[in-house]
Amino acid sequence: MIRYLEKIGSNIIMILEDLGRMGSFLALGLGGVFKRPFRFSAMIRQVRLIGADSFWVIFFVAGFTGMVLGLQGYYTLRKFGSEGALGSAVSLSLLRELGPVLTALMVTGRAGSAMCAEIGIMRNSEQLDALECMAIDPFRYLITPKFLATLISVPILTLFFNVVGIFGGYLAGCGLLGVNPGAYWAGMEQSVVNQDINMGIIKSFVFALLIVWICTGRGYFVHVIRGAGFGAEGVSKVTTQAVVLSSVAILVWDYLLTAILL
Amino acid sequence: MSQVVIQFKNVVKAFGQQTILDHVDLTISSGKTTVIAGPSGQGKSVTMKLILGLLRPDSGRILVDGQDITVMRAKALNEVRTKFGVLFQGAALLDSLNVFANVALPLEERTKLGGEEIRARVLATLAQLGLTGHEEKYPAQLSGGMKKRVGLARALMLQPEIMLFDEPTTGLDPENSLEIYKLFLETQKKFGYTSIIVSHDIPKIFNLADQVILVNKGKFSTFASPEDIQLSKLPEIQAFVQYTMGKVYLSREME
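Just so you know, the sequences run in chain order A and B. Take the first sequence: its position 109, counting from 1, is numbered 109 in this note's numbering, and each next residue is one higher. Take the second sequence: its position 193, counting from 1, is numbered 193 in this note's numbering, and each next residue is one higher.
Here chain B stands alone, though its shape is the one from the complex (with noise of 0.2 angstroms):
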């Protein structure tokens, strides 16, 4: 049985007046995919802030490898942190720094490897993620495809246990969003890390997960599969389901 790398417990969030997550719970195993899906403003983005600790819960417990993060000093977080590799909705790159030193930010901060290691190293990612010839360009100076290749070459140059995507095809035309997929199941593959996609790409996402939350009026709902979702009987995820995967098998027979 795979192990427990992030859990939930009784999480509460909420901003001002709204309360954003009320008492909700999650599991996350290790080396499995989970996409958290749902209409917009309802939490996703806060549960990934959540995990990563760049927002504190009003309550509850959140545990990373059993950690509880939620009462953790900087320093602590910070090693939490590193187990963490997240590629932003905007790629989120350094927009002073070139394509590679925006990659080699991660090892020359946090590692002590001397400039030729770092440069190898640099080198061999942007290679294998197509960006040979682009290193001395500007992140102003990249299509929104290959800022996001960029940006998770960064995410994977510390090899992270755990991998967060943030929207990670939007944005994109149906070619690039279909490279980053590959990119995903490629790069995955090699690290082995375990995946939480935050993501609008409803149906298609899904044929990447092992496990699916939906995000809804702040409540979380847990599906094993995209099938499970569809054979739900509450109202408000077969509304959902209408809304956004009612051809859900014709789009899978159309690939």
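Chain A extracted, bound-state conformation (with noise of 0.2 angstroms):
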């Protein structure tokens, strides 16, 4: 029975544990804003191999997920005899869930793993280790730029795989199944309003947030997470752990926020 105890008190330690680090990480992530030299070039090289560099992932993914929507969207509009709403079923689709949550989940999947990797090496192999040693802020030096980068790319990719998204439901609903394209963009005129486009833009700022917080700072913590083992296992680990831990948590949010923000 003791012992029963004492693995529950020793894990919920861990659970609290991880959480201080994990909220210490937060604040002087996002605080290596204020330091000085900023470093703008890292940022703009971050920008580019986590927003530029999804574009085409973005794109094929938008497309398909707006034709899907379209082909449903169409079946089931149809028993209703409601074929005109299709541009608005796509569109509020696409800008209230789909777009953020899908740009988010193709973010994690394709950036965010190999933030988590890239510094979950550096940690194994010392080089945070030095950057330290020679007075170098590792958050200043390379967390912070992705952090910004993260916060800059994710909105942008979500309006590009809603703009990408809703033309695929054109495609599929007006070029391959016939309705009329003036009723599916007069449909998606008159429905869509800015608080739609706004919910979309704040949803895909926090997983942009959960994102990049959640993979580099496992990535960061590697070496003291308990469980993940060492070396290559190691980062594999935290690699697949963050990844999840971030999918489930945009998923998580992206209830939380509808649910305020409706």
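Keep in mind the hints are simulated off the structure, nothing from the lab. It cannot be assumed that every hint is accurate.
[Stated by the list, open to error] Covered by chain A, according to a simulated footprint, are these stretches of chain B (three or more residues, beta-carbon under 8 angstroms):
id	segment
1	28 to 42
2	74 to 82
[Said to hold, decoys possible] Some chain A residues flagged as far from chain B (calculated, every beta-carbon gap over 12 angstroms):
id	residue
3	I2
4	L5
5	I8
6	N11
7	L19
8	L30
9	F59
10	V68
11	E132
12	I156
13	F160
14	E189
15	S191
16	A232
17	V248
Backbone N, C-alpha and C fix where the C-beta goes; we use that ideal spot for every residue, glycine too.
If you follow the hints, you should be able to join the two separate chains into one complex; please do so.
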């Protein structure tokens, strides 16, 4: 019995320690913005890696998501004789939910995992220790540019996703299934309001913060995460953990934000 | 008499249930070479990380130039760290930067020097360490010995007062090991730094030492020379001597 209680206590302490570490990591990551000299060129390089290099992935995912929405929406709306509302259904689904969520999940898989593995390898090969020994703040030098780049890239990618997705829905609905193009665009124009666009943008900022915080944080603490193991195995485990945690956090926060913002 | 640059006072460090350093004291004097040796997993690297402020002790004080680094905030600790240069076991070069960028990094980040001045200094240091022509290579394209030399060049860029060498010859063949020792002697002569060497390369490494610290079961035993170690009456030191230094004089004669 005592051993059982000890195990529960030990797990609670481990979780609290982890939360404390990750909390201070978030504060230091964001606080790096105020430290000089600011590494603008490093941030631009990260915007390219996280944002620009995700262009084609987002393009194809958004295009086909929009097309599937167009197909499903058409056959569902046809049952009620409301094919004209297709533009409205596609655009609202994308702007409020699918755009921010799918973009965030794509960025997590593509760039989040890469960031986690990069930082984890740097930790294991003492590169982060070397930076500290040279009195170079690893947050200012390495982590903060990734924070800012993700916060810039994800909302832009989300907007791009929405645009491509809406055209994907148009292609499937109007190009292949014969919905009136005028009705498609008019439906969208009538139903979409600023609040829908704002909701998507707010979500994309929150998701971006979750991705970069969890992914870089897990890599940074690879050496102290209990059960992660050491060396390459440790990095591989925390990378998997970071992607799973980020994805779950995105979906949980999606629900919370929808409940708050609707 | 030399000035004391690093002092441990009653330092304790444990990880979970395992006590790594158990109420240890240490004094390192300016301009001298201290070798920290001992069996693996006994706290040599922990000692180095404590000196650098990368780890904090559970109790006790660590003084660098008289300042207690155990109670310092990050900014003050960073100032103290500018006194140090470190050559890591695996060199710890940033693998996304080439040789030039790695060596230039401390100057770019810690000084206000212009691009031309940085370039001139980096190229001069690389030439001194026999690395001319390798500026554009990335760490993955370098041999173990070259990585160590680049790591040494980077560590020396800010002309540190104290150099720490973590297993400087581990993984190197005898020729490259000798090369690293030569560079160590040359650079110490030139820059006059205090050096702390954590090494397994016993007994060769003792030839460089002014002071030897053996770490065993959480305790430090300090010796003024390799001979003192051999003459020690302590059973655990005798066992260590028998295991590692049985032929110390023979080794010297062979050299």
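Comparing the hints with the structure gives:
Coverage of the segment 28 to 42 of chain B by chain A is violated [criterion: at least 3 residues with CB-CB distance below 8 angstroms; count 0]. Three residues within the 8 angstroms Cβ limit are the bar, and the segment 74 to 82 of chain B against chain A gives 5, so the coverage statement holds. The beta carbon of I2/A sits about 17 angstroms from the closest Cβ of chain B, which is more than 12 angstroms, so the claim that it is off the interface holds. No Cβ of chain B comes within 12 angstroms of the Cβ of L5/A; the nearest lies about 18 angstroms off, and the non-interface call holds.
With 12 angstroms as the threshold on Cβ separation, the claim that I8/A sits away from chain B holds: the shortest Cβ distance comes to roughly 18 angstroms. No Cβ of chain B comes within 12 angstroms of the Cβ of N11/A; the nearest lies about 15 angstroms off, and the non-interface call holds. Look at L19/A: its CB is around 20 angstroms from the nearest CB on chain B, clear of 12 angstroms, so calling it non-interface holds up. Against the 12 angstroms criterion, L30/A stays outside the reach of chain B, whose nearest CB is about 16 angstroms from its own CB.
The claim that F59/A is not at the interface with chain B holds, since no C-beta of that chain comes within 12 angstroms of its own (minimum 27 angstroms). Even its closest Cβ contact with chain B, about 39 angstroms, leaves V68/A beyond 12 angstroms, as expected for a residue assigned away from the interface. The claim that E132/A is not at the interface with chain B is violated, since a C-beta of that chain comes within 12 angstroms of its own (minimum 6 angstroms). With a minimum CB-CB distance of about 24 angstroms to chain B, I156/A clears the 12 angstroms threshold, and the non-interface call stands.
Non-interface call for F160/A relative to chain B: holds, since the shortest CB-CB distance, roughly 27 angstroms, exceeds 12 angstroms. Every CB of chain B is more than 12 angstroms from the CB of E189/A (nearest about 47 angstroms), matching its label as outside the interface. Residue-level check passed: S191/A sits 47 angstroms from the nearest beta carbon of chain B, beyond 12 angstroms. No beta-carbon of chain B is positioned within 12 angstroms of the beta-carbon of A232/A; the least distance is around 14 angstroms.
Separation of V248/A from chain B is adequate, the least Cβ-Cβ distance of about 29 angstroms exceeding the 12 angstroms criterion.
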